[in-house]
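Visitor: Below are the chains, spelled out letter by letter.
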Amino acid sequence: MKRKGKLGALALSCVLLLGGCGVKQAQAPEKTELTALQYELENMAVDFNDLWFYDRIAEQTDVEVTFTDVKDSEWTSALSLAFARGNMPDLILRGSLDVEEYGVSRHMLVPLDEYMAQGFLPNYASRLAEGNLREQLTASDGHMYQLGFLISQGVNTNGHFFINQDWLDALNLAVPTTVEGLTEALRKFREEDPNGNGLRDEIPMEFTFDDNNTGIYNLFSFFGLPLNEEFVYLDQAGQVCFAPEQAAFAETLEWMHQLAEERLLDIDFISQGSNIWADKVNEGNVGMFSYWRLQNTALSPQVISMYRVMKPVAAEGHRACLPRLIDLVEFGAALTTDNRDIEASLRWLDAQFETENMLVSQNGEVGDTLLRQEDGRYAVAYVPEDNELYRKVPVICGQFFAPAEYYAQVYVPASHRQEKSAYCALYEEAGVLEETSSKILTATARKTGEEDARLTRLQAALKPLINGAIVDMVTTGVTEEKLTSLAGKLREAGSEEYRSIYQQIYDRWQAEN
Amino acid sequence: MRRSIFIRYALSYTLVLLVLFSGISAYLLYTSQRQIQERMVETQINRLTRIAMQHESAISAMISTAEEMGLSPQIEGFSYEKEPWKAYELQMQLVPYTAINTFCDQMYLTFRGEDRMYTSASSMTIDRFLRMTEFESTDPDTLRQQLQGQDRITVLPAQRIRSSLMDGTESRMVGFILPLGSNPGASKGSLFFLVKESSYRNLFADAIDTELNTYIFYGDQLLTQAEDLPLSAQEVNWTPKEGEYSRVLSSQGEKWLAVTLEDRSWGMRYMTALRMSTVNAAVWRSLSNVMIMLGALLTASVALILWIARRHARPIEEISSLLAPEAAERKDELTQISSGIRQLTARNSELASQLEQSLPMRRRYFVFRFIKRRFAEEGEIARAAAGLGLDIDKKYYGVILCSASEEWDRPFEINQEPFASLRGGSAVGAELVAMKAYLFLAFAEEPALIYDLAERIRRKDSGEGNNGVTALSALHTSYTEAPTAYLEAAAAYENRFVMGRERVVTYGDLSANLEDVLPRAQKITNGISQALALNNRERLDEQISELLRFLKNTSMSPFAFRMIYNDVIDTLTRSQAAKLADGREARDFYDIFTLTSCQTIDDLDELLRRLCDQLMREEAEPQGQTPPAEDPISQAARYIDAHFTDPEISMAAIAESFDLSTAKLSLSFKERMGLTPSDYLTLLRSEKAKELLRETELTIREISVQVGYYDSGSFIRRFKQVVGETPLQYRKETADSSRGEGSTAT
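Protein sequences appear in the order of chains A and B.
So the working numbering is basically just the index in the first sequence, starting at one, shifted up by 208.
So the working numbering is basically just the index in the second sequence, starting at one, shifted up by 2.
Since the hints were derived computationally from the structure, they do not count as laboratory data.
Small disclaimer: the values here were computed from a predicted structure and weren't measured.
Just so you know, not all the hints are guaranteed correct.
[Claimed, not checked] Straight line, CA to CA, 25 Å or less: simulated DSS-like cross-link-like pairs of lysine-lysine:
| no. | chain 1 | residue 1 | chain 2 | residue 2 |
| --- | --- | --- | --- | --- |
| 1 | A | LYS279 | B | LYS198 |
| 2 | A | LYS488 | B | LYS84 |
| 3 | A | LYS697 | B | LYS198 |
Taking the hints into account, I'd like the entire structure generated from these sequences.
Guide: Written out as C-alpha cells, the structure reads:
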C-alpha cells in the first residue's frame, strides 16, 4: 500500500512537472502593461487601479493599465508637467486636453484617424458618422488626436425654471407666462405668506450668479437674450452678438433691479454659491428658481414635490430665448507618442466602447444596478447611494461615446434623465431656445490657437466688467450713464474684437459646413 | 589520544581567528546597532524637519494671507445688508488668495462684527455655515466667537467635519483661525482655514517605511497624525528634555522608538514613532551583508590557515617520524620530537663518551691481550690493531715500561710526542696500575727507531719533573714472544735502581747470566713435563722441589727466576696443550702479571704447583673416554666466567658461537641458572668490582675498566642495580665496617 502511495506520488509529481511545463507553454500571452494619466472628479475618493470595471476590461483585452489618478484641480498642471518633463504616460484619459497644442503643434499625441482607417477601434468608429461628431473631433491639421466622450440624451438647454406649485396653489395662482405675470406672482409670494407660517420669510426668487444652471443669467432669456458665460450668441441672420451691448441686457437689469428693490429676488445671488443656494431651496421657502432638473439633484424629495417646471416667461415685446445646448463631444482619450503598444491601447479603449461595457462603466454591473431588458436595451435598476457606483465603475470618468440615436436604441434612461428629457422637449416645443446654439461658437467651431488665446484673455477682461455691472445695476439701479460707462469700458476691454473673432470663427465654420 | 601537530596548529590558528572575528563581530554589532538607531533617528529628525518646514511654510502662507488681507485697502469690512454688491468685489479679491493657499481646502473670511462668511465663490451667514457644517469636537458657539472677533491664532485639531458646503462628504480637517491683519487687537476680522487631513497625508507621504506613525502636536493637543501602527498619540506623547530627540518607549508589550522635533515659533511639536523591531531589523539587514562578508573572509582565512598549518606541520611530522617512528601513534609530534631529541642527546653524549673513552680502553685492552698472548693468531692481532688505528705490521717490536707520571697529560695519545716521532712505526700504551707504570708497545721497521722512542719517552718522563725510569725489552719479531718481551721489560724496569735513570734500561743489560742457567733449568722442566705426562703426582712434586732447590741454590735475580718460570710454564703448557679440551691452553690458567707479582721463590713455587695441579686435574679424566659433552648453557656460563672482564663480550656473540639465538640463550640460561646471561655477567663484574673496591684503592673509573666496562657511568648504574648502592657508597661502607672491626679488635 505504502509502495503504491509512493508510486502514486511519483506519478503525480511527473504529471505535475509535465503539466507545469504544459501550462507554461499553454499560457496566454502575457498581459500588455500600460500607464495612464486618469482624470477624476474632485470629490472622488477612489483609486482607479482598484476598480472592478478595469479588471473586466483587462480580462477581455489582455491589457493591464496602471492609472495615475489626478484630481480636477491638478489636472492641467499634471498634464503640463507630464509633457514638459517628457515622462508621458501611454494614455491620457478624460478631463480635458489641448489637442491643438499637444497634437498639432507639438506632435506629442498619436493621430488616431489612420488607425481607424485600418480597422482599429471598430466600436468607436461606427458611431462617429452621426451628426457633426467627426468634425468636432478633427483637429486643425485634419487628424483626430483624441477619442470623444459623448452622452447624448437630447438635452437642449441647461437650466429649467421651476415655480413653487404649492404656493401657486395656496395663492390660487396660475403658472405665469409673462414677466409681468411672474413679477406679480413673486410679489404675492412675498406678501401673502404662501408658506402659511405668519412670517414674511418667503424668498420669491432664489438664484446664484453667473451661470445658466441656477444663475441669474437665465433671467435674461425672459427678455430674449440668451446670456451665457461667453456673452456671445447668434442672431437669426447669423451674426454674432455681444449680449451686454444688447438693449435686452439693460431691460433685464432694470427688471431685476426692480425685483431686488422689492426683495423679490434674493440679493444673495451676488455672492452665494450653489451649495448655499441648494441649502436655501431645500428649506422649502423659495418661490422660483432655475435648475438642471429636480430629481436626483441636491434638492430633497420633499422640496422637489413642491415645484413644477415653468416655461420661460417673455417680457413684453420679446420672445423668451434660453441658450441652446448641443451635443458636445468632450475629451475622452488620447495616446501619447511615448505609447509602448498602440494596438493594445486601441484594443483596450475600444473594448470600453462595446455597448454593454460602456453602459456598465456608467451605471454599474448588469444584474445589479443595470438591467438588460427583453428588447435588448439596458436600463438602470437603481442608483446606489453615497456615490457607491464610483467604487466599481468609472461613471462619467470612463470612456463613453453614445450619439443620441444610438443611445436611444440601447439604453432606457433613468427616471431623472427622462425627467430632463421631458423638460427639454417642453422647452423645444415652446420655442424658447436659441435657434442656433451659441455652443457652435464657443465649443464646436474650430478655433486657431491664437484665436483661442485671444478670446480667453478678452473674456477674462470683459467678464468682471459685465458681472460688476450686473451687480451694480441690479442692486443700485440702471441708469443711462451706467450703461454708457459700461459700454465704454467693454469697448476698451476689447468687446468688439471679442465679438469679431467669434464672428470670424463662425463664418469659417459655416464655410466649412 | 594522539593529537597531530597539524590539528594543534589548525586549532590554535583558528581559535585566534575566531577570537578576532568574534571581537570584530561583537564590535560591529554594538556599533551598528547604535549607528543605525542614530541614523534612523537622524533620518526621522530630517524628515520631521522637512515636514515642519513644509507645514510651517503652509501656516506662514496662511498667516501672510491674513496679514495681507488685513492690510489690503480692497478688503475692508462692510455691511452686507447695506452694500451687498461689495460682496462680489470682495470675492474677486479673494480669488488670488484662494489660489495661492493650496494647502488649505477651505478659506472663509469674516469681518469683525459681521455675521457673514465669505469665500471666493460664495457667502453665507455664520449661522448658515454652522448649520451646514458639523464639527466633531468644536462647539458651534465657541467657533462663532472665535470667527467673529479674536485677535489671536486659534488652531482646531483634526476632527471629522461633515458639510454640505463640501459636497456633503465627511472629512477629517484641521482648522486655523487667524486674525486679519498684523496688529493685535485691531484686526479687521478673521480668516478661517480648513485643511483636509489628506493634505497632511501628503506631507507625511514621503515616509519610505510605512511602518511608522507621524504626529503633529499643537501644545498638548494632537493636531493631526498619520497612523500606520497601533500606537495612539497619548501613548507616544512625551515631553523631551533639553537636547533630547528620541526615546525608546514601551507600550502594549512592545518597544517603540519615538523621535520628536519641537518648533518653538508656532508651538508645534512633530513626532514619529516606529517599532524597535523595525530598527533591529534594519540593524540585522545592515549587518547581514557585513556578516556574510566576514563569514566569507573567515572561511577563506580558515582555509588559508589550514593550508599554512599543513605546511608548518608537515616538516615537523616528518622530523617526528624520523626521531620516533614507533611512538607516532601514541604521542603528538612535538612530544615525540622532544623525546627524540632528548634520546638523541643522551645517546650522543653516551656515544661521545664511549668514543672518547673506548679507543684508549680498547687500545689498553689490546696491549694487555697482546702481552698476554691472547690472540689466536697473528692475523687476528693485525686486524685488532688495524681496528684501533694501529699499524703494527712492522719488522720489530719492543715493550717499553716507564714510571707513571701524573704530570704526563694523556700519555697514551699516540699522535702526540714522543710517539709522533716514531716514523713509519706505531706505538700503543696502557697503564699498569699496580706497578704504577706505563707500558708501551712500539712497532718499527728499524730497531733504532724503537730505541729512539724509548729515549724520547725517558726524556719526556724525566722532563716532566719526574724521577721515572724507562725500560726496554729486547726487540722481537714474533708476536708469540710478547709475554717474554714484557718480562724482559719488567726485568729491566725492576733493575732501574741499579742501572740508574740516565738512560734507557734495556733487557740486554741484564740478560747475560741467564744464558747459563736456562739449560740446567730446562732439564728439570722436562722432568716436570714428563711427570705431568705420566700424571705422576709424586714425581711431579719431586721435580718441582728439585727446581726449587736448584733455583734457591743458584744465585739469580728475580728476573731470572721469572724467566725460568715463564719458560717452565711455557714448556708445560705447550706440552700439555693436547690434553686440554676445546682448544683451551694452559696459559688460560695463569696470568703473566701474576708471575711479575711474585716476589719470592715460594711465591713462584706456589704458582707452579697450582698450575700443575690444574693440569693434573684436567688430565685426571679417564683416558680414551670422551668427556660428556657440556651443554651450551654451561659452556656459555664458563665462557662468561672466563671473559667477564672483557668489555667486548656480547650475548649475541655468545649465542652465535653456541649456535643459539639470543632469546633462546637468554631463556635457557635463565631456566638453568635462574638469571639471564646479562644479569650473570653483571653479577660477576659486580662481585669482582666489590673485591677491587674492598681490597684496592683503584679509582672507580679504573675498577670499571678492569671489570669490563668502557665507562664508569655504565659501571655505576649496573653496580647499583645489583648491589643496591653505588660503588663509592659500597667502598665507604666496607671501609667503615673494617675500621669498626679493627677498633673492636683493638
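Visitor: Which earlier hints turn out false for this structure, listed by number in ascending order?
Guide: 3
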